[in-house]
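With these hints in hand, go ahead and build the complete structure from the sequences.
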Amino acid sequence: MTEAIGFRAAKQVGSGTALSRRDLLALIGTLAGSAAMYHAMSSLGFASDSTYKGPIKLGGDVGGASVLILGAGLAGMTAALELRKAGYRVQVLECNRRPGGRNWTLRGGDTFTELGGFTQTCEFEQGLYFNPGPWRIPYHHRAVLDYCKRLNVALEPFIQLNHNALLHASSAFGGRPQRIRDIKADFQGQVSELLAKATEQGRLDEAVSSEDREILLEALRSWGALDKNYAYKANLISAGFRGYAKGPGGGLGAAPIAGETIDLSDILKSRLWRYLQNFAVLELQTTMFQPVGGMDMIGKAFAREVGDLIRYDAKVVRIQQDDGGVTVTYVDGKAPAIAQLTKADWCICTIPLSILSQIQIDVGAHMKAAIDAVPYASAVKVGLQFKRRFWEEDEVIYGGISYTDLPIRQIAYPNTGYNRSGRGVLLGAYIIEGSNSYEFTSMPPAERVARAVALGSRIHPQYEDEFENGIAVAWHRVPFTLGCAGYWTEKARAEHYDSLCQTDGRIVLAGEHASYLPAWQEGAVLSSLDAISRLHARVVKM
Amino acid sequence: MIATFLSLISPAALAQNATNSSSVATLSAGFKFAGKSGEELYASVCQGCHMPDGKGATGAGAYPSIAGNETLKARGYMLDVVVNGKRAMPPLGDMMNDDQVAAVVNYVRTHFSNNYRDAVTPADVKAARRP
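In order, the protein sequences belong to chains A and B.
Counting from 7, one number per residue, gives the positions in the first sequence under this note's numbering.
Counting from 921, one number per residue, gives the positions in the second sequence under this note's numbering.
Think of the hints as simulated: they come from the structure by calculation, not from any bench.
Don't take every hint at face value.
What the hints assert, rightly or not - The list that follows gives simulated cross-link-like pairs (lysine to any residue, SDA-like), each with its CA atoms no further than 25 Å apart: (1) B:Lys975 to B:Ser1033; (2) B:Lys1006 to A:Ala498; (3) A:Lys374 to B:Pro1051; (4) B:Lys1006 to A:Gly440; (5) A:Lys63 to A:Leu151; (6) A:Lys340 to B:Lys993; (7) B:Lys1006 to A:His502; (8) A:Lys239 to A:Glu220; (9) B:Lys1006 to A:Pro485; (10) A:Lys349 to A:Asp368; (11) B:Lys956 to B:Lys993; (12) A:Lys155 to A:Thr293; (13) B:Lys1006 to A:Lys340; (14) A:Lys239 to A:Gly180; (15) B:Lys956 to A:Pro413.
Claimed, not checked - A short, non-exhaustive set of chain B residues, derived as facing chain A with CB atoms under 8 Å: (16) Lys952; (17) Met971; (18) Ala1039.
As the list claims (entries may be wrong) - Which bits of chain B does chain A cover? Going by a derived footprint, with three or more residues having C-beta under 8 Å, they are: (19) 991-1003; (20) 1020-1029.
The structure presented is a predicted model; accordingly, all values stated were derived computationally and were not measured.
Cβ atoms here follow ideal geometry from the backbone N, Cα and C, with glycine treated the same way.
So this is what it looks like as structure tokens:
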């Protein structure tokens, strides 16, 4: 049925015009509604959920083939795990002295030296931590979740939407942060009121059938917390969504009292409605997860399986291949003047392109051009320890994220250890791209922490009394990535992506940069599974 | 308020900051950089990778030194790199106007042991931008 609609509409587009997939979807969406578009997307081959189809099966005789894997992040360790299981002889080279790569957690006692020589020692209390890289896993990242299951990594919910967290605009509402629930309910309510009014006045009669008209009014009243006159007012109906001036209690004098609503014009001008997308987009929809105890639990779980295959502190400097096999030159961190060689039949290279583009690698011109085509994105995260969990005790914020237009962009509350006395760690800044990310990167770490504290105190004045210590990671200064993640443009993908992912002789690349899920661990894992599938198909055919 | 918290920075770190290059004075308000002078822009953007002393840094990969770097001799080359990016270096020209790009290119080419006096103009920057 959806195809019929699409083709009929296509005839109206203009004879001789080839209808692109995107045009077809847009037409289906317009004519038949977004649910139809979703189904069309699935049948047209767009990824609706993850493309993961379950544990990879690499059958057949590999004939003693050997594989050298460059990088022990999630892409590399996924490849190591599955290839060894399939019978390959596997070796992994990793430049760090630990597994996981960007899958990384900082705890009290950890030290970290960034490019430029600035060293930080994390002073968090035992049991507290901060994830400087990936911090949340969407429910549809099925490969990562499957490995968590198989490797016994315990998960807990990551709270993406906490209605009682804050939205802040420096120059709106006198700089006072607003509760998400207030902005969301008042925006939704007043927009619903406008739509209901337009519907009642017949102004939507061309777009909405008379049958749907009544249902639409009912839906708007329900969704928008409207009264029986389809108005959004400060009353107990809206209070049931946004909250009360005085909440319902017990005993005498317990009746609730509704508070005032925020005028739509003020909400619109504040631009706080932008943040509502963070609670709607697929990538950030609930249910989200985090590993119990830190994101590095995933890397550690992989390393329990394949750690014996990893040579640490090994920095790759040259990647050669010929008909006979692959030869990789590397240096040991403790003896960097001495070039060492290792050989294998095949190579899975998961080195970030920021680094790989500087390494001499024997691949064709198209792949080399692709490796050279991807800039790396800027990102900064700051973890701050406080003497008490004031966000819970004073502000009733349990987990979740507050958003602000201040340079720190976000303050995120721990999604664990709720309702306890004692210390807690906040994510005091999470800046991705834009001027402020570069500016924070250009500061010494202590200044990043100080600025995050100064700025955050405009949202939580308790910072001044309760702040204890902090640590800041700026990804362009991280020695093993030289950036946060590959920053693909549409143009670059069209020109270079397939070239990047092709098998080139005995070498194939993997990593988040070789995926359509940039900066997500799922991208790294899926790319690795695809790379080893293709490699394996080649091997067993030989 | 900032003064209270800046006191938490160790004196050594503050001193290091002062001798190498000016620190980020004011944070920009939007996607693009607000800095006007080449010195400001270097301190808020470039030194993140190329470091306060311009000498770059080496980890698993390296940021090249822009101090006494002979590739800076060809002003068109450095201009192209800043505007359009190169390999892992982002196209920072997307976040600066023509005046700013000219200012930072000219600053780098006349500091950090570089002494190239053939300045680039905002018109040169505009011409270097890809459509």
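Consistency of the hints with the structure:
1. The straight-line distance between the Cα atoms of lysine 975 of chain B and serine 1033 of chain B is roughly 10 Å, inside the 25 Å bound, and the hint therefore holds.
2. About 13 Å separates the Cα atoms of lysine 1006 of chain B and alanine 498 of chain A, which keeps this hinted pair within 25 Å; it holds.
3. Taking the CA atoms of lysine 374 of chain A and proline 1051 of chain B, the gap is about 24 Å. The hint holds against a cut of 25 Å.
4. Simply put, lysine 1006 of chain B and glycine 440 of chain A have alpha-carbon atoms about 18 Å apart, close enough for the 25 Å limit, and the pair holds.
5. Taking the CA atoms of lysine 63 of chain A and leucine 151 of chain A, the gap is near 17 Å; set against the 25 Å cutoff, the hint holds.
6. The suggested pairing of lysine 340 of chain A with lysine 993 of chain B is violated, with an alpha-carbon distance near 36 Å, which exceeds 25 Å.
7. Under the criterion of a C-alpha separation no larger than 25 Å, the hint pairing lysine 1006 of chain B with histidine 502 of chain A is consistent with the structure, at around 15 Å.
8. The suggested pairing of lysine 239 of chain A with glutamate 220 of chain A holds, with an alpha-carbon distance near 21 Å, which does not exceed 25 Å.
9. For the proposed pair lysine 1006 of chain B and proline 485 of chain A, the alpha carbon gap of about 19 Å is at most 25 Å, so the pair holds.
10. A C-alpha spacing of about 14 Å is found between lysine 349 of chain A and aspartate 368 of chain A, which places the hinted pair at or below 25 Å, so the restraint holds.
11. Of the pairs offered as hints, the one joining lysine 956 of chain B and lysine 993 of chain B holds, with about 24 Å between alpha carbons and a cut-off of 25 Å not exceeded.
12. Note on lysine 155 of chain A and threonine 293 of chain A: the hinted pairing holds, with a Cα-Cα distance of about 16 Å set against a maximum of 25 Å.
13. Of the supplied pair hints, the one linking lysine 1006 of chain B and lysine 340 of chain A is violated, its CA atoms being roughly 31 Å apart against a limit of 25 Å.
14. For the suggested pair lysine 239 of chain A and glycine 180 of chain A, the alpha carbons sit about 23 Å apart, so the restraint of at most 25 Å is met.
15. Taken as a hint, the lysine 956 of chain B and proline 413 of chain A pair is honoured in the structure, with Cα atoms around 19 Å apart against an allowance of 25 Å.
16. Proximity of lysine 952 of chain B to chain A holds as hinted, the smallest CB-CB distance being about 6 Å (cut-off 8 Å).
17. The criterion of a C-beta within 8 Å of any C-beta in chain A is met by methionine 971 of chain B, whose closest approach is roughly 5 Å, and the hint holds.
18. With 8 Å as the threshold, the beta carbon of alanine 1039 of chain B stays out of range of chain A, its nearest partner Cβ sitting at about 24 Å, so the hint is violated.
19. Counting residues of the segment 991-1003 of chain B whose CB falls under 8 Å from any CB of chain A gives 0; the rule of at least 3 is not met.
20. Check result for the segment 1020-1029 of chain B against chain A: violated, 0 residues qualifying (beta carbon to beta carbon below 8 Å, three or more required).
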